[in-house]
Amino acid sequence: GAVVSQHPSRVICKSGTSVKIECRSLDFQATTMFWYRQFPKQSLMLMATSNEGSKATYEQGVEKDKFLINHASLTLSTLTVTSAHPEDSSFYICSARREGVNTEAFFGQGTRLTVV
Amino acid sequence: RKEVEQDPGPFNVPEGATVAFNCTYSNSASQSFFWYRQDCRKEPKLLMSVYSSGNEDGRFTAQLNRASQYISLLIRDSKLSDSATYLCVVTSNQAGTALIFGKGTTLSVSS
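Chain order of the listed sequences is V and D. In terms of the working numbering, the first sequence is residues 1 to 116. In terms of the working numbering, the second sequence is residues 1 to 111.
Everything labelled a hint here was simulated from the structure, so no lab data went into it. Incorrect hints may appear among the rest.
Keeping only pairs whose Cα atoms sit at most 30 Å apart, straight-line, the calculated DSS-like set for lysine-lysine is [what the hints assert, rightly or not]: (1) V:K55 <-> V:K14; (2) D:K2 <-> V:K64; (3) D:K45 <-> V:K55; (4) D:K42 <-> D:K103; (5) V:K64 <-> D:K79; (6) V:K66 <-> D:K45; (7) V:K66 <-> V:K20; (8) V:K64 <-> V:K14; (9) V:K41 <-> D:K79; (10) D:K42 <-> V:K41; (11) V:K64 <-> D:K45; (12) V:K66 <-> D:K79; (13) V:K55 <-> D:K2; (14) V:K55 <-> D:K79; (15) D:K103 <-> D:K79; (16) V:K41 <-> V:K64; (17) D:K42 <-> V:K55; (18) D:K45 <-> V:K41; (19) D:K45 <-> D:K79; (20) D:K42 <-> V:K14; (21) V:K66 <-> V:K55; (22) V:K41 <-> V:K66; (23) V:K20 <-> D:K42; (24) D:K103 <-> V:K66; (25) D:K2 <-> V:K41; (26) D:K103 <-> V:K41; (27) V:K66 <-> D:K42; (28) D:K79 <-> D:K42; (29) V:K14 <-> V:K66; (30) V:K64 <-> V:K20; (31) V:K64 <-> D:K42; (32) V:K20 <-> V:K55; (33) D:K103 <-> V:K20; (34) D:K103 <-> D:K2; (35) V:K20 <-> D:K45; (36) V:K41 <-> V:K14; (37) D:K2 <-> D:K45; (38) D:K42 <-> D:K2.
All chains should be modelled from the sequences, with the hints used to inform the complete structure.
Here you go:
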């Protein structure tokens with residue numbers, strides 16, 4: 001079964017609205033989760049590292065005020081795309097790893113966001 | 001230079017063929033290395049970790065050359081079900097947490 005659950009899997013929203021995506025680790029506690037974005041035929045690009053109980057760390061070029069991350073518990077991180085625009089349409093995937101150096105990363109099922 | 005670079009695809013091979021993918025990474029501090037597989041419109045899934053001594057899992061062999069900052073994946077006796085995008089993945093920092101992905105190499109195995 002899934003180790004990391006992401007919801008929703010698909011969302012269509014109007015330009016200017018906000019969309020919240022949830023990522024849950026199901027059988028382990030994740031102090032750190034990661035949010036990626038993937039455009040068609042492109043690689044997964046790390047957007048931010050979500051840290052439980054503290055502020056997220058954003059990669060260069062990612063607007064923290066636009067992509068709000070909340071990691072309020074050891075099993076849940078949320079990504080909110082605020083004031084979405086068509087160029088935000090993409091595949092968003094979260095990931096979590098168990099503690100350790102060489103551990104496998106588990107991915108959520110991904111959320112396909114379409115902004116119209 | 002991109003952090004992780006892979007062979008451009010696609011690779012189109014017949015069933016039974018042997019195919020090799022190459023990958024280079026720029027961060028010499030990277031500690032962990034993986035090959036992930038991603039099927040169309042799906043999340044990535046771990047294929048295998050890559051160890052310094054090289055490792056094999058059935059038809060798949062992965063090798064790491066730290067001096068050259070180079071990783072490879074060899075697939076023998078290709079199956080139709082091997083058709084996917086193969087992602088070279090390294091850790092981004094000494095803490096070994098976030099994963100950085102290559103663009104991926106697409107493999108298409110035909111009968």
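Status of the hints after comparison with the structure:
| no. | hint | result |
| --- | --- | --- |
| 1 | V:K55 <-> V:K14 | holds (28 Å) |
| 2 | D:K2 <-> V:K64 | holds (23 Å) |
| 3 | D:K45 <-> V:K55 | holds (28 Å) |
| 4 | D:K42 <-> D:K103 | holds (15 Å) |
| 5 | V:K64 <-> D:K79 | violated (44 Å) |
| 6 | V:K66 <-> D:K45 | holds (28 Å) |
| 7 | V:K66 <-> V:K20 | holds (12 Å) |
| 8 | V:K64 <-> V:K14 | holds (21 Å) |
| 9 | V:K41 <-> D:K79 | holds (23 Å) |
| 10 | D:K42 <-> V:K41 | holds (13 Å) |
| 11 | V:K64 <-> D:K45 | holds (28 Å) |
| 12 | V:K66 <-> D:K79 | violated (43 Å) |
| 13 | V:K55 <-> D:K2 | holds (27 Å) |
| 14 | V:K55 <-> D:K79 | violated (45 Å) |
| 15 | D:K103 <-> D:K79 | holds (23 Å) |
| 16 | V:K41 <-> V:K64 | holds (25 Å) |
| 17 | D:K42 <-> V:K55 | holds (29 Å) |
| 18 | D:K45 <-> V:K41 | holds (17 Å) |
| 19 | D:K45 <-> D:K79 | holds (18 Å) |
| 20 | D:K42 <-> V:K14 | holds (24 Å) |
| 21 | V:K66 <-> V:K55 | holds (14 Å) |
| 22 | V:K41 <-> V:K66 | holds (24 Å) |
| 23 | V:K20 <-> D:K42 | holds (20 Å) |
| 24 | D:K103 <-> V:K66 | holds (25 Å) |
| 25 | D:K2 <-> V:K41 | holds (16 Å) |
| 26 | D:K103 <-> V:K41 | holds (8 Å) |
| 27 | V:K66 <-> D:K42 | holds (25 Å) |
| 28 | D:K79 <-> D:K42 | holds (20 Å) |
| 29 | V:K14 <-> V:K66 | holds (16 Å) |
| 30 | V:K64 <-> V:K20 | holds (14 Å) |
| 31 | V:K64 <-> D:K42 | holds (26 Å) |
| 32 | V:K20 <-> V:K55 | holds (17 Å) |
| 33 | D:K103 <-> V:K20 | holds (27 Å) |
| 34 | D:K103 <-> D:K2 | holds (10 Å) |
| 35 | V:K20 <-> D:K45 | holds (24 Å) |
| 36 | V:K41 <-> V:K14 | holds (24 Å) |
| 37 | D:K2 <-> D:K45 | holds (22 Å) |
| 38 | D:K42 <-> D:K2 | holds (24 Å) |
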